[in-house]
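Engineer: Letter by letter, the chains look like this.
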Amino acid sequence: MGEKSDVRQGTLALMVLKTLDVLGPLHGYGIARRIEQISGDLLAVNQGTLYPLLLKLEHEGSIDSERGPSENNRKARYYRLTAAGRRQLQAETRGWEQTAAIMARFFEVKAEDLS
Amino acid sequence: MRFLRRFLERLANFASRRRADQRLREEMEDHLALQTEENLRDGMPLAEARRQAVLKFGAVQTIREGYHGEQSLPFAESLLQDLRYAFRQLANSPGFASIAILTVALGIGATTAIYSVVDATLLHPLPYPHPEQLVRIQDDLPGAGARDVGLSVPEWWDLQHSGIFQYVSMQGAGSANLTGASQPARIIFKPVSPNYFAVLGAKPQLGRLFDPQDRTPGFTLEVVISDGLWKRAFGADPKILGRSLRLDNDTYRVIGIMPAGFRDQGRTTEERNTELWAAVGFAGDPLPPPQRDARLRLESTARLTPGLTIEAAQSRLDALVASLQKQYPADYPLQSAWTVRLVPLSESVVGNVRQPLVLLLGAVALVLLIGCVNVANLQLARASARGREMAVRQALGAARSRLVRQLLTESLLLSLLGGIAGIALLFCLKGTLLRMVPESLPRLNDISISWSVLLFALGVSVLAGTIFGMAPAFQAGLADPSQMLRQEGRGSKGSTAQTRTRSALVVSEFALSLVLMIAAGLLLRSFWNLYNERLGFDPRNVMTVQTWLPIPNDPKTDIYGTAAQESTLLREILRRARSLPGVEEVAVGDLEALPLGHGHNDLNPFPLLREGHETPGKEPPIVDAAVVSPEYFHLLGMTLQRGRLFTDSDVDTTPSVAVINEAMARTYWPNEDPMGKHFKLRPTTPAWTTVVGIVANARSESLEDANSPEMYLNAYQRHPKDLAIFLRGRLDPAAIPLEVREQVQSVDRELPVFGARMLPDVVTGALAQRRFSMGAVLLFALTALLLAGLGIYGTISYVVGERTREIGVRIALGAQRKSILGMVLRKGLKLAVVGALMGLVAALIVSHLMTGLLYGVSPSDPLTFLGLTIVLTTVALAACYIPARRAMRVDPIIALRYE
Numbered sequence: 001m002g003e004k005s006d007v008r009q010g011t012l013a014l015m016v017l018k019t020l021d022v023l024g025p026l027h028g029y030g031i032a033r034r035i036e037q038i039s040g041d042l043l044a045v046n047q048g049t050l051y052p053l054l055l056k057l058e059h060e061g062s063i064d065s066e067r068g069p070s071e072n073n074r075k076a077r078y079y080r081l082t083a084a085g086r087r088q089l090q091a092e093t094r095g096w097e098q099t100a101a102i103m104a105r106f107f108e109v110k111a112e113d114l115s
Numbered sequence: 001m002r003f004l005r006r007f008l009e010r011l012a013n014f015a016s017r018r019r020a021d022q023r024l025r026e027e028m029e030d031h032l033a034l035q036t037e038e039n040l041r042d043g044m045p046l047a048e049a050r051r052q053a054v055l056k057f058g059a060v061q062t063i064r065e066g067y068h069g070e071q072s073l074p075f076a077e078s079l080l081q082d083l084r085y086a087f088r089q090l091a092n093s094p095g096f097a098s099i100a101i102l103t104v105a106l107g108i109g110a111t112t113a114i115y116s117v118v119d120a121t122l123l124h125p126l127p128y129p130h131p132e133q134l135v136r137i138q139d140d141l142p143g144a145g146a147r148d149v150g151l152s153v154p155e156w157w158d159l160q161h162s163g164i165f166q167y168v169s170m171q172g173a174g175s176a177n178l179t180g181a182s183q184p185a186r187i188i189f190k191p192v193s194p195n196y197f198a199v200l201g202a203k204p205q206l207g208r209l210f211d212p213q214d215r216t217p218g219f220t221l222e223v224v225i226s227d228g229l230w231k232r233a234f235g236a237d238p239k240i241l242g243r244s245l246r247l248d249n250d251t252y253r254v255i256g257i258m259p260a261g262f263r264d265q266g267r268t269t270e271e272r273n274t275e276l277w278a279a280v281g282f283a284g285d286p287l288p289p290p291q292r293d294a295r296l297r298l299e300s301t302a303r304l305t306p307g308l309t310i311e312a313a314q315s316r317l318d319a320l321v322a323s324l325q326k327q328y329p330a331d332y333p334l335q336s337a338w339t340v341r342l343v344p345l346s347e348s349v350v351g352n353v354r355q356p357l358v359l360l361l362g363a364v365a366l367v368l369l370i371g372c373v374n375v376a377n378l379q380l381a382r383a384s385a386r387g388r389e390m391a392v393r394q395a396l397g398a399a400r401s402r403l404v405r406q407l408l409t410e411s412l413l414l415s416l417l418g419g420i421a422g423i424a425l426l427f428c429l430k431g432t433l434l435r436m437v438p439e440s441l442p443r444l445n446d447i448s449i450s451w452s453v454l455l456f457a458l459g460v461s462v463l464a465g466t467i468f469g470m471a472p473a474f475q476a477g478l479a480d481p482s483q484m485l486r487q488e489g490r491g492s493k494g495s496t497a498q499t500r501t502r503s504a505l506v507v508s509e510f511a512l513s514l515v516l517m518i519a520a521g522l523l524l525r526s527f528w529n530l531y532n533e534r535l536g537f538d539p540r541n542v543m544t545v546q547t548w549l550p551i552p553n554d555p556k557t558d559i560y561g562t563a564a565q566e567s568t569l570l571r572e573i574l575r576r577a578r579s580l581p582g583v584e585e586v587a588v589g590d591l592e593a594l595p596l597g598h599g600h601n602d603l604n605p606f607p608l609l610r611e612g613h614e615t616p617g618k619e620p621p622i623v624d625a626a627v628v629s630p631e632y633f634h635l636l637g638m639t640l641q642r643g644r645l646f647t648d649s650d651v652d653t654t655p656s657v658a659v660i661n662e663a664m665a666r667t668y669w670p671n672e673d674p675m676g677k678h679f680k681l682r683p684t685t686p687a688w689t690t691v692v693g694i695v696a697n698a699r700s701e702s703l704e705d706a707n708s709p710e711m712y713l714n715a716y717q718r719h720p721k722d723l724a725i726f727l728r729g730r731l732d733p734a735a736i737p738l739e740v741r742e743q744v745q746s747v748d749r750e751l752p753v754f755g756a757r758m759l760p761d762v763v764t765g766a767l768a769q770r771r772f773s774m775g776a777v778l779l780f781a782l783t784a785l786l787l788a789g790l791g792i793y794g795t796i797s798y799v800v801g802e803r804t805r806e807i808g809v810r811i812a813l814g815a816q817r818k819s820i821l822g823m824v825l826r827k828g829l830k831l832a833v834v835g836a837l838m839g840l841v842a843a844l845i846v847s848h849l850m851t852g853l854l855y856g857v858s859p860s861d862p863l864t865f866l867g868l869t870i871v872l873t874t875v876a877l878a879a880c881y882i883p884a885r886r887a888m889r890v891d892p893i894i895a896l897r898y899e
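Each protein sequence line maps, in turn, to chains D and H. First residue of the first sequence: 1, per the working numbering; consecutive thereafter. First residue of the second sequence: 1, per the working numbering; consecutive thereafter.
Only chain D is shown next, with the shape it has when bound in the complex:
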């Protein structure tokens, strides 16, 4: 377990948004599965923490939900991205890419480059 990294604040929200962006409307379990799948075993996240986050995102207007039938004929709540959520995703994606690029350049720098 020691190898797994903690989820940074806000990262999980970004993952949820991206998942919904790529896969379209999805229920909570589906989102959890997807995140687990993509991040593999590298991420230590209790699936339970996902639900308060979903509630919060919906409250903030980034996502929307309604109840509908799931694959095995049970009722489930389906989440989908709203226009505001899409804009937020784009903004945060850009932010992440920038941060990543800057950090990458810092790691590439060697002592002789600065002299």
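Bear in mind the hints are in silico, worked out from the structure with no lab data behind them. In this text, all values refer to a predicted model and were calculated from it rather than measured experimentally. Some clues are possibly wrong.
Once the Cα atoms are required to be at most 27 angstroms apart in a straight line, the calculated DSSO-like pairs of lysine-lysine come out as [as the list claims (entries may be wrong)]:
{"hint": "1", "chain 1": "D", "residue 1": "Lys18", "chain 2": "D", "residue 2": "Lys56"}
{"hint": "2", "chain 1": "D", "residue 1": "Lys75", "chain 2": "H", "residue 2": "Lys56"}
{"hint": "3", "chain 1": "H", "residue 1": "Lys680", "chain 2": "H", "residue 2": "Lys721"}
{"hint": "4", "chain 1": "D", "residue 1": "Lys18", "chain 2": "H", "residue 2": "Lys818"}
{"hint": "5", "chain 1": "D", "residue 1": "Lys56", "chain 2": "H", "residue 2": "Lys56"}
{"hint": "6", "chain 1": "H", "residue 1": "Lys231", "chain 2": "H", "residue 2": "Lys203"}
{"hint": "7", "chain 1": "H", "residue 1": "Lys556", "chain 2": "H", "residue 2": "Lys680"}
{"hint": "8", "chain 1": "H", "residue 1": "Lys556", "chain 2": "H", "residue 2": "Lys721"}
Chain D is fixed; fit chain H onto it per the hints.
Structural biologist: The following block gives chain H in isolation, referenced to the frame of chain D:
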């Protein structure tokens, strides 16, 4: 903003808490079900599938709570819980709850009532825009011993051009006969400079006000009238603008009407009731031409230039005064030391009511404090009964802070309920209370239960709740649960700390109520002294009715212009008044001659120029002079000490004579015989007046002051315009005013007759404000005494209850029942004595602060201090006696078996 949005979101979540929680739970259930199904598909047994799903999911409860902690208002939630619990607690002990709420309601109701008066009078004395800019300009000649001498017109102009003020107005006070309506009326009017309303920042409800830039030297012949006069005399005629009315036979044009709510500045009833304002430049007919040394004895009000503080304005003014003194050395002799002061208008309006009101507020705050202490005591008693509950809750893991908060919530709930009850009480009693307020209070009509008053009540409630909730909460925070549980199990006496707190509370209660009682006692004695003071005149069976003669601006139209002309009128009025039923004696005088009708030097002050006392460059003293007919002295029962009174042979053709009182003789002719001495009251008149008699002092100016110098001049030599008719006899107060009016108007149809009053009522009225503050403080003191008595009763009963077993043992071992009684009484007495000692010290401080309100009694009057201490101690002993008897009657067998 971000914070605010977040808070609002949380607030919304708080409201929709249940729904969100519900959904969270559903979703989590769904998730777990799906995961379990999948695990089943992977071949796990059902139990294991479920377990793995839960493991992977994490702790459901923690997640839910975490969500709430973050998304909602945990504080508000626990507050709601506390409140609900507190309500239940109160409902469970209705006796305690109703006593506590009633105590607080009385305290807060009384405090709020007094505060509403303070709010209207002291805090918002001026109903004008930017009241902080308004000042009264007063100038003194300290070198000549003269205060508030008034500005001369050139000085007024200098101030206006100084740049210190936006506007400087001058205003006089007067009254005039308004004729043309159905009944000639005497109305109070103010001759004001045209910028008067600009100074106040007032707006008319109809028409316009004076042009502040108007430079007319005399009367502009434009007047503004009050809403009341408009409705009364003109039937609220909207076409009144431009119409003319006659004042003292002069014709003026109405240009505007003030709104109904407009109240003129001023502290006296007269100023409050001003009904007409006439613009005048004070520099031309009928006034003398402006001269630097001709002080007009007008009041001056000004609005400071915005941004200028009073201090800054004062220092600029001092510089101006200095330069004027250099420029006109002849007009400002150095020894008279002319100075000009700026006084905030609010202060000059509130004036003499500040001290009584502050006293009342202090007294009522003490009552509230005593009430709080009592409730705290009750709470403590309950806390000890609830000690077990608290201990159990603490043992079960409740945090101490949480318990303290719970107790504080209970106290706050109590005090808020009490506050609401108090306000409700106040609303019900508002009318009665307002009737108790003396009429002389400024801004009486503006006293109301406004938002600021309600806010004050809320603040006081919260404060009170915190104060009396502190003690029990503090104790609960200290208590050790394990010890408490063990103790409670044995049911023996509570912690000594608790008893000590309760004793301290009782002691402070006693100290506070002794302070109040001594204050009330001193006020009562002052009132009594004043009430029994020899007046120096006899008001019984005397009625006064006023009638005023017109003073037209053009002396040629004045039919009472000379003393001879007026004497005929006066004699005729007196002859007719004497014939009225029941009338035995009649006299006339001017307004100054009306006892207790005015203050010192505020009506007709004159400079007293004594023959042989002239000192160049020194201002003469200012004196009051009443004008009376010869019958006046006998009618009012004033006694002649030396010389003679006026006789019928003193007329306008004979030398002018005067009667003075002893105080004047002593003040202005010290070490010499004033009889036969000459003086005059106007530098311009050639003839001297001779002192022919000395009468005993009378408290005709103020009840407090027996020694105000007073002078009487002869009505047939001075022709006063502001007349008062004095009648003595077995009078019918309802009929006489009408009969007098009939008689006066049958002599001159145009004379108004008004202001009829019985003299004894006037004397009573002069005591009204004192009676009000004394009555209120007395009421508060009695309440305090009652509360303190209840407090000591409660505490001693509690102590006895706790020590029942011990007392039982003592009795079983042979203690005398008498000594048990003594033991309990001694305990109560100890509390009372300590409280009384502390109270005496505090009372000494308080009584010296209120010296100004006392009359004829020393602020450290031993009789009052000692007597009331004894009263208080007696009450304490009486309150202890009931529980002490109970202790004495303890049956040892029952007491021990009870264990």
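Engineer: Each hint needs a verdict: does it hold in this structure or not?
Structural biologist: Hint-by-hint comparison with the structure:
1. D/Lys18 <-> D/Lys56: The given pair, whose Cα atoms are some 16 angstroms apart, holds under the 27 angstroms limit.
2. D/Lys75 <-> H/Lys56: Holds: lysine 75 of chain D and lysine 56 of chain H sit about 22 angstroms apart, inside 27 angstroms.
3. H/Lys680 <-> H/Lys721: 20 angstroms, holds
4. D/Lys18 <-> H/Lys818: 90 angstroms, violated
5. D/Lys56 <-> H/Lys56: 22 angstroms, holds
6. H/Lys231 <-> H/Lys203: Roughly 18 angstroms separates the two Cα atoms, so the pair holds.
7. H/Lys556 <-> H/Lys680: 26 angstroms, holds
8. H/Lys556 <-> H/Lys721: This hinted pair holds, its Cα atoms lying about 16 angstroms apart.
Violated hint: 4 only; the structure is consistent with all others.
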